[in-house]
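J.: Each chain is listed here by its residues.
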Amino acid sequence: MQFKCNQTLPERAIHIALKGPGGTCQRGDGTNCFIASNVATTPGDMTERGCTYAGCRGVVGGPVKDAIQLTHGPIGCAFFSWGYRPHLAESDFHIKYTFVSDMNETNIVFGGEKKLLQSIIEANAEFPDAKAVFIYNTCSTALIGDDGRDVAKQAEAIIGKPVVFFECEGFRGVSQSMGHHVGNETIFRQLVGSVEPEGDFSRSINIIGDYNIKNDIRTFEYLFEALGLRIIARFTGNVSVDDLKIMHKAALNIVHCQRSATYIADMMKEKYSTPYINVTLWGIKNMAQALRDTAAFFGLEARAEEVIASEVARIQPHIDAYRQCLQGKRVFIYQGGPRVWHWIELLRELGMETETAATTFGHTDDYEKIFKQIADGALVIDNPNVPEIEEILTRRRPDLFISGNKERYVAYKLGVPFVNGHTYDTGPYAGFVGMVNFARDIDKALHAPVWNVLHQHARPAPADRRTAHGFEEVPG
Amino acid sequence: MTSFLTVQERAVAINPTRSCAPIGAMLANYGIHGAITINHGSQGCATYPRHQMARHFREPVEVATSSLTEKTTVYGGKQNLLAALKHIWERFHPTMIMICSTCLSETIGDDIPAIIDEFLNTYPDVTIPILSVKTPSYIGNHTTGFDNFLKEIALNLPDRRKKKGETNGKLNIIPGWVNPGDIRELKRILREMGLRGLWITDYEETLDGGYYNPRPHFPRGGTTVEELRNSSKSLATIALQRHIGGEAAHIYEQRYNVPAHVLTMPIGLKNTDAFVDTLIAITDHAIPETLEVERARLLDALVDTHMYTSGLRVAFYGDLDLLEGLVGLIAEMGMTPAYILTAADNRAWGERMVELTEELGVESEIILKGDLHELHKRIKQRPVDLLMGHSKGKFIAEAENIPLVRVGFPVEDRFGYHRRSIVGYNGAIALVDEVTNAIFERRATTVVSNTLIETGVEGPTDIPITLRNGAAHHP
Chain A
1 MQFKCNQTLP
11 ERAIHIALKG
21 PGGTCQRGDG
31 TNCFIASNVA
41 TTPGDMTERG
51 CTYAGCRGVV
61 GGPVKDAIQL
71 THGPIGCAFF
81 SWGYRPHLAE
91 SDFHIKYTFV
101 SDMNETNIVF
111 GGEKKLLQSI
121 IEANAEFPDA
131 KAVFIYNTCS
141 TALIGDDGRD
151 VAKQAEAIIG
161 KPVVFFECEG
171 FRGVSQSMGH
181 HVGNETIFRQ
191 LVGSVEPEGD
201 FSRSINIIGD
211 YNIKNDIRTF
221 EYLFEALGLR
231 IIARFTGNVS
241 VDDLKIMHKA
251 ALNIVHCQRS
261 ATYIADMMKE
271 KYSTPYINVT
281 LWGIKNMAQA
291 LRDTAAFFGL
301 EARAEEVIAS
311 EVARIQPHID
321 AYRQCLQGKR
331 VFIYQGGPRV
341 WHWIELLREL
351 GMETETAATT
361 FGHTDDYEKI
371 FKQIADGALV
381 IDNPNVPEIE
391 EILTRRRPDL
401 FISGNKERYV
411 AYKLGVPFVN
421 GHTYDTGPYA
431 GFVGMVNFAR
441 DIDKALHAPV
451 WNVLHQHARP
461 APADRRTAHG
471 FEEVPG
Chain B
1 MTSFLTVQER
11 AVAINPTRSC
21 APIGAMLANY
31 GIHGAITINH
41 GSQGCATYPR
51 HQMARHFREP
61 VEVATSSLTE
71 KTTVYGGKQN
81 LLAALKHIWE
91 RFHPTMIMIC
101 STCLSETIGD
111 DIPAIIDEFL
121 NTYPDVTIPI
131 LSVKTPSYIG
141 NHTTGFDNFL
151 KEIALNLPDR
161 RKKKGETNGK
171 LNIIPGWVNP
181 GDIRELKRIL
191 REMGLRGLWI
201 TDYEETLDGG
211 YYNPRPHFPR
221 GGTTVEELRN
231 SSKSLATIAL
241 QRHIGGEAAH
251 IYEQRYNVPA
261 HVLTMPIGLK
271 NTDAFVDTLI
281 AITDHAIPET
291 LEVERARLLD
301 ALVDTHMYTS
311 GLRVAFYGDL
321 DLLEGLVGLI
331 AEMGMTPAYI
341 LTAADNRAWG
351 ERMVELTEEL
361 GVESEIILKG
371 DLHELHKRIK
381 QRPVDLLMGH
391 SKGKFIAEAE
401 NIPLVRVGFP
411 VEDRFGYHRR
421 SIVGYNGAIA
431 LVDEVTNAIF
441 ERRATTVVSN
451 TLIETGVEGP
461 TDIPITLRNG
471 AAHHP
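As given, the protein sequences belong to chains A and B, one line each in that order.
For the first sequence, counting from 1, position 42 maps to 42 in the numbering used here; every step adds exactly one.
For the second sequence, counting from 1, position 147 maps to 147 in the numbering used here; every step adds exactly one.
None of these hints come from the bench; they were simulated from the model.
All figures in this text were calculated on a predicted structure; none of them were measured in a lab.
Worth double-checking, as some hints may not be accurate.
[What the hints assert, rightly or not] Computed cross-link-like contacts, EDC-like style, restricted to lysine to aspartate or glutamate with a CA-CA straight-line distance of at most 20 Å:
#: 1; chain 1: B; residue 1: Lys-369; chain 2: A; residue 2: Glu-126
#: 2; chain 1: B; residue 1: Lys-170; chain 2: A; residue 2: Asp-464
#: 3; chain 1: A; residue 1: Lys-214; chain 2: B; residue 2: Asp-413
#: 4; chain 1: A; residue 1: Lys-4; chain 2: B; residue 2: Glu-90
#: 5; chain 1: B; residue 1: Lys-377; chain 2: A; residue 2: Glu-126
#: 6; chain 1: B; residue 1: Lys-86; chain 2: A; residue 2: Glu-11
#: 7; chain 1: B; residue 1: Lys-369; chain 2: A; residue 2: Asp-129
#: 8; chain 1: B; residue 1: Lys-134; chain 2: A; residue 2: Glu-105
#: 9; chain 1: B; residue 1: Lys-377; chain 2: A; residue 2: Asp-92
#: 10; chain 1: B; residue 1: Lys-187; chain 2: B; residue 2: Asp-284
#: 11; chain 1: B; residue 1: Lys-377; chain 2: B; residue 2: Glu-398
#: 12; chain 1: B; residue 1: Lys-369; chain 2: A; residue 2: Glu-105
#: 13; chain 1: A; residue 1: Lys-285; chain 2: A; residue 2: Glu-221
#: 14; chain 1: A; residue 1: Lys-413; chain 2: B; residue 2: Asp-273
#: 15; chain 1: B; residue 1: Lys-377; chain 2: B; residue 2: Glu-363
#: 16; chain 1: B; residue 1: Lys-380; chain 2: A; residue 2: Glu-221
#: 17; chain 1: A; residue 1: Lys-96; chain 2: B; residue 2: Asp-413
#: 18; chain 1: B; residue 1: Lys-369; chain 2: B; residue 2: Glu-9
#: 19; chain 1: B; residue 1: Lys-187; chain 2: A; residue 2: Asp-464
#: 20; chain 1: B; residue 1: Lys-380; chain 2: A; residue 2: Glu-126
#: 21; chain 1: B; residue 1: Lys-394; chain 2: A; residue 2: Glu-90
#: 22; chain 1: A; residue 1: Lys-114; chain 2: A; residue 2: Asp-150
#: 23; chain 1: B; residue 1: Lys-71; chain 2: A; residue 2: Glu-122
#: 24; chain 1: A; residue 1: Lys-413; chain 2: B; residue 2: Glu-205
#: 25; chain 1: A; residue 1: Lys-96; chain 2: B; residue 2: Glu-398
#: 26; chain 1: A; residue 1: Lys-96; chain 2: B; residue 2: Glu-205
#: 27; chain 1: A; residue 1: Lys-153; chain 2: A; residue 2: Glu-122
#: 28; chain 1: B; residue 1: Lys-78; chain 2: A; residue 2: Glu-11
#: 29; chain 1: B; residue 1: Lys-377; chain 2: A; residue 2: Asp-129
#: 30; chain 1: A; residue 1: Lys-114; chain 2: B; residue 2: Glu-9
#: 31; chain 1: B; residue 1: Lys-394; chain 2: A; residue 2: Asp-92
#: 32; chain 1: B; residue 1: Lys-377; chain 2: A; residue 2: Glu-11
#: 33; chain 1: B; residue 1: Lys-151; chain 2: B; residue 2: Asp-111
[Claimed, not checked] Some chain B residues close to chain A (C-beta under 8 Å, calculated; not the full set):
#: 34; residue: Arg-58
#: 35; residue: Pro-60
#: 36; residue: Asp-159
By construction, the Cβ of each residue, glycine as well, lies at the ideal position given by its N, Cα and C atoms.
Given these sequences and hints, build the entire structure.
T.: Printed below as a string of structure tokens:
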């Protein structure tokens, strides 16, 4: 597909491809080279990408429920990353509170290390029950050369608990993806393995790369527990600092988000020889496969089949009913990364086909997984910008757009049904039971009576006297 | 009865009430038809504010970024900004481009005006205005970005060629950081008075737009660049927030000889009277019957509700101008503004608020450099009956079981607050109703002050009565 909006932006062609027959990649520049990804955004192209700080503070570090979430920088970074992402836990300290060293102009000129140290001490004094202090570095404090690592070390000696310093300044990397990497690496280096607990961990697992959006874990943790497995840590939804310290004891790592968290699984494999398996915890086939793969590792195959059979029996009638309503619908999925390929199969189980797929920060491995699963003729786009999204919605007219809150209102203004795949409309969407929620939300979005009202009654915008004809001259 | 001023001393900010400068400039630029913002910095500096605005306005919000990365921190962001300008110009043909800076571009020292000049030299066919606004996050707060943008507008856009006595017959109105619903109400007031406003700027429709098929290329509405060029010929400039647009109004006076009137945000009876009186003084128009009737209705609402609201202790927080306007209505409702908390470090404002609250006959603690954690601690020590402010106060409201009446920005956990108005007589009536109903909601049938329950006193016996001579009488 040639985008009209990209006529002046030829740089975008290598990020746009069709899946040709036999799984070939027909790229926008006329070659069969694979789609380009994880490279710097063309300036001014209206990207949807965020920054490294967002990936680290928002995605990986933020869900840790008993750490003080302290931004070392000016106020804005802390304000915007506070309280909106529903990475829930059994407690809500991590969502309700945000801390910031609040750099002002003087601090930028004379350095912010003293203020950071004082901030850590004060924050700890206000919330002595917190198990650690997480410090996220920002553009300005990195540029002025504050040695946050050293301050963290000093602070640790004073307050007597871990002070973890994340070098996640916003200008690093090309997207928030770099922030995930920094988050993984820092937590691994500073926390994992810092405590050696006694006990038998032979039947224990970690769930890596799930952030418990709208309580997703409630839809699958009980399934692993039904196999007789103990979950030590979740990385990082509903996790305590104490869990992170001992997560190296697990017998197996189960990696869900393979973009933001494979890093730590790899590091644990290297240092502690912990094996890991990649899983998808969305959709019937995938969830069942995840349980089977996990069970196979522990020799619990028979138990897994029992669990799967009883769960599928519970939801199958609902899924069948929804499939009747959703059959044949064409979907545009645009997510951060892996959810796109996690959901292609799930949508098929509901009778729908993904016709356009896009990610904000996917890497080559994400796109390989997309190309493997998606139907021939589908359009795949890397790091789409706002005009491209609008053009897809108007020219390809998908029946459904699954994306995040920023894109929601673009879809609505163009009359396209929308489901929030980032933070969910209702949720949770994972596991077997969550899939019923997902199907219900999709059905609601597609068949809401409002679309008939819009299509039958909407009118063109009335001419704006001022803007259509320029400045309105004052008579007399 | 004495109010007093405290300055929060903590180094760490815990649950801040404020965000940072670029979002203010982006918001104000949404009030210019067909204008596009380029944020010169990390991608997050554009994406975070977009997300925040989308959650408040429930509208598509589009902002470009120059996508600075590690390389640019070494070599400077010039090439990225030049590329961004080229792409935005060629792809959208906007009516204006505003470039706001960030911590990153300010700290590495990019000279944005020089980069703009270079761009214009390379592309001589670009005739639209390209403004640069300084908005590093480490100076001021979100309102600073809005205010700096307005100053740049006032300095750069109005036409300096003006014949003696030449006028467009309009009034420049700078509403400041308000909601689209507020601008709509202010426009109506001017219409009722038979006056024509030139809005600097006007996001009434761009950020509270309708559903049209087909969707217009740029959102409908907004002040046009041509109108802004013409704003030097207006009869007067009225800024409705001292700290957002006050200085811009003075620039109009000094540069273009357009008289400046800088008022308190028109919330409540007296503040709205001051606005209407100013309109009358400038134009000689009389107050129309409709406004007179609304004004009387506000007085009626105040008297109808006073038995429920008198003596209630209120804590409110946010931006200077909102607080200054709001305290007027709170006093008119007979409530005590127990805590007035702002993140700004503005002692002059604090001292003025001490005087103002004393004039209004109420007793307040005015907290500068404050955050919501500090407010929460105060409330735990001595409770209040009501909170007023943006959505982030909900954590205190939930923890202490106190109603929160949402005003200010952002309101992200409720629908349609961007459409509401709290200015003018009608806005005040709506707010009086909402406050009273919030109290009813909490107490179901009857209102008993939290404060009174805490002190174990039955009935409103410890509410000081202000005598006519200004002294307080404690029964």
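J.: Taking each numbered hint in turn, which are not upheld by the structure, reported in ascending numerical order?
T.: Checked against the structure, the hints that fail are numbers 7, 14, 16, 23, 26, 32, 36, while the rest are satisfied.
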